Amino acid sequence: MLTKRIIPCLDVKDGRVVKGVSFVNLRDAGDPVHVAQVYDGEGADELCFLDITASHEKRDTILDVVVRTAEQVFMPLTVGGGIRTLEDIRRLLEAGADKVSINTAAVQEPAFVKAAATRFGSQCIVVAIDAKCVSSCDGDVQEWEVFTHGGRNATGLDAVCWAQRMMDFGAGEILLTSMDQDGTKDGYDLPLTAAISDAVTIPVIASGGAGTLPHLYEAFTLGKADAVLAASIFHFQTYSIGQAKSFLSEQGIPMRPGTIPVSMV
Amino acid sequence: MIAILDYGMGNLRSVQKGFERIGHEAVVTRDPAAIDRASHVVLPGVGAFGDCMANVTRFGLVDPIHRAIQAGKPFLGICVGFQLLFTESEEFGSHKGLGLLPGKVKAIPLPKDVAASYKIPHMGWNTIHIEKPAPPLQNIDPESYVYFVHSYYVEPAAQELVSTRTDYGVSFASSVWKDNIFATQFHPEKSQAVGLQVLKNFGEWQ
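Chains P and E, in that order, are what the protein sequence lines are.
Going letter by letter, the first sequence gives residues 1 to 265 in the working numbering.
Going letter by letter, the second sequence gives residues 266 to 471 in the working numbering.
If you're looking for bench data, these hints aren't it; they were derived computationally from the structure.
Fair warning: there could be bad hints in the mix.
Result set (PhoX-like, lysine-lysine): computed pairs, CA atoms no more than 20 Å apart in a straight line [unchecked claim]:
id: 1; chain 1: E; residue 1: Lys377; chain 2: P; residue 2: Lys224
id: 2; chain 1: E; residue 1: Lys369; chain 2: E; residue 2: Lys282
id: 3; chain 1: E; residue 1: Lys282; chain 2: E; residue 2: Lys361
id: 4; chain 1: P; residue 1: Lys224; chain 2: E; residue 2: Lys384
id: 5; chain 1: P; residue 1: Lys114; chain 2: P; residue 2: Lys58
id: 6; chain 1: E; residue 1: Lys371; chain 2: E; residue 2: Lys361
Label-pair restraints from in silico Cβ distances [unchecked claim]:
id: 7; chain 1: E; residue 1: Ala372; chain 2: P; residue 2: Ser55; range: 40 to 50 Å
id: 8; chain 1: E; residue 1: Ala372; chain 2: P; residue 2: Pro110; range: 21 to 31 Å
id: 9; chain 1: E; residue 1: Pro376; chain 2: P; residue 2: Leu86; range: 26 to 36 Å
The structure displayed is predicted, hence computed values, not measured ones.
Cβ atoms here follow ideal geometry from the backbone N, Cα and C, with glycine treated the same way.
All chains should be built: construct the whole structure from the sequences, respecting the hints.
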């Protein structure tokens, strides 16, 4: 049976992990490769790096991180942040990324997603959507708008229609972040996640708001998500991925059981 | 020496790093002489079937692939590299494959009703049920989880080709084995310890 996926996400700036990852017993918690190895050992199903490097000169630092990660960790790796050209994608895939996540560039030029899917295959094109509720969110009919630049720029696009359009353009997966819930630890935006998941036939990754294990459970059940992305609950070792998987498994969510470390082969 | 065929598609570095990690030397190449010298040959692949087949042909790899298989070298196809071994595919029109194994590549059927809903592509970790334990599956638990990402599946013309099956909308061949050919719909290079064990077994296969 296909299992639901748990995907830890690391913010990487200039080749270093930011947004305080606090691992005890980790020699260098700032090195994305070391953190990736920890998550590998804990049984993460995939990994995601979000590159937030601001300066143009340092944009290549992520390539080095991807190369080093691909030498140590043998599970799918998605890289997002600042991807604007087919050449950006080619270089990341060649370095060892399996998927790339496209956000702002998709909004600015939707045909870019189509070109990328045609060239590299839908399986490696993830479209990231940052959505905010714009209707009265307590009402019967809810609407969400797509935002870019970390929620600062409104686009006028309806998130559900946009997700469908990106699927039609060849996206293989949707990474859906609720700007309302992100950072709150109050749980995922379940109506948003369910609305998008119902509207598309491709997998949806829920993101933004995870604070407890029941939040992950709700994302899969009420939110109908295929995967959950989470950062701080794992980075601060509030819960390990193993604990999350045991909990979800006990609640009847299909999970891949813990795995032997790669070093044992 | 393991030759990983480079035809401009696919996550070649991941496959190479996987072999290196478990101590098998592997080169990424499209040089026919290097392929002829190799002891083992790997055909990886991601992307659309038609594009992949066009590139295999364009880079002159059809003959070296046939030579490697006729010479009895252990041969591993991965994902689209697995599908390419068969007769034809219905992905974006009809495309001829390498025709080394009889069978067709078909689309995973859409869910029939909302209650039994599932997403396409089939993306993530799913179990394999071992039907015929091929040598590269040695020491692999019968219900192991491996990583898949695909929207099309192979329907072999002969059931005896099927090495493992996986259920997703249909029960499909997640790997096949015939003589010196072993090929997987899943990605061993992305399947953590289980996948590395498959690569290790393949590298030791004589």
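Range agreement (Cβ of Leu86 of chain P with Cβ of Pro376 of chain E, hint 26 to 36 Å): Holds - the Cβ-Cβ distance for Pro376 of chain E and Leu86 of chain P, about 33 Å, lies within 26 to 36 Å.
Hint consistency between Lys282 of chain E and Lys361 of chain E [alpha-carbon to alpha-carbon, up to 20 Å]: With a Cα-Cα distance of about 31 Å, the restraint between Lys282 of chain E and Lys361 of chain E is violated, given a limit of 20 Å.
Pairwise hint evaluation, Lys384 of chain E against Lys224 of chain P, where the allowed Cα distance is 20 Å at most: 11 Å, holds
Pairwise hint evaluation, Lys282 of chain E against Lys369 of chain E, where the allowed Cα distance is 20 Å at most: 31 Å, violated
Pairwise beta carbon distance, Ala372 of chain E to Ser55 of chain P, judged against the given window 40 to 50 Å: For Ser55 of chain P against Ala372 of chain E, whose Cβ atoms are near 45 Å apart, the range 40 to 50 Å holds.
Cβ distance range 21 to 31 Å for Ala372 of chain E and Pro110 of chain P, holds or violated: 25 Å, holds
Distance restraint between Lys371 of chain E and Lys361 of chain E, which requires alpha-carbon spacing of 20 Å or less: 13 Å, holds
Given hint Lys58 of chain P paired with Lys114 of chain P - CA-CA distance at most 20 Å: 28 Å, violated
Pairwise hint evaluation, Lys224 of chain P against Lys377 of chain E, where the allowed Cα distance is 20 Å at most: 18 Å, holds
In the structure shown, a violation is registered for the earlier hints numbered 2, 3, 5, in ascending order.
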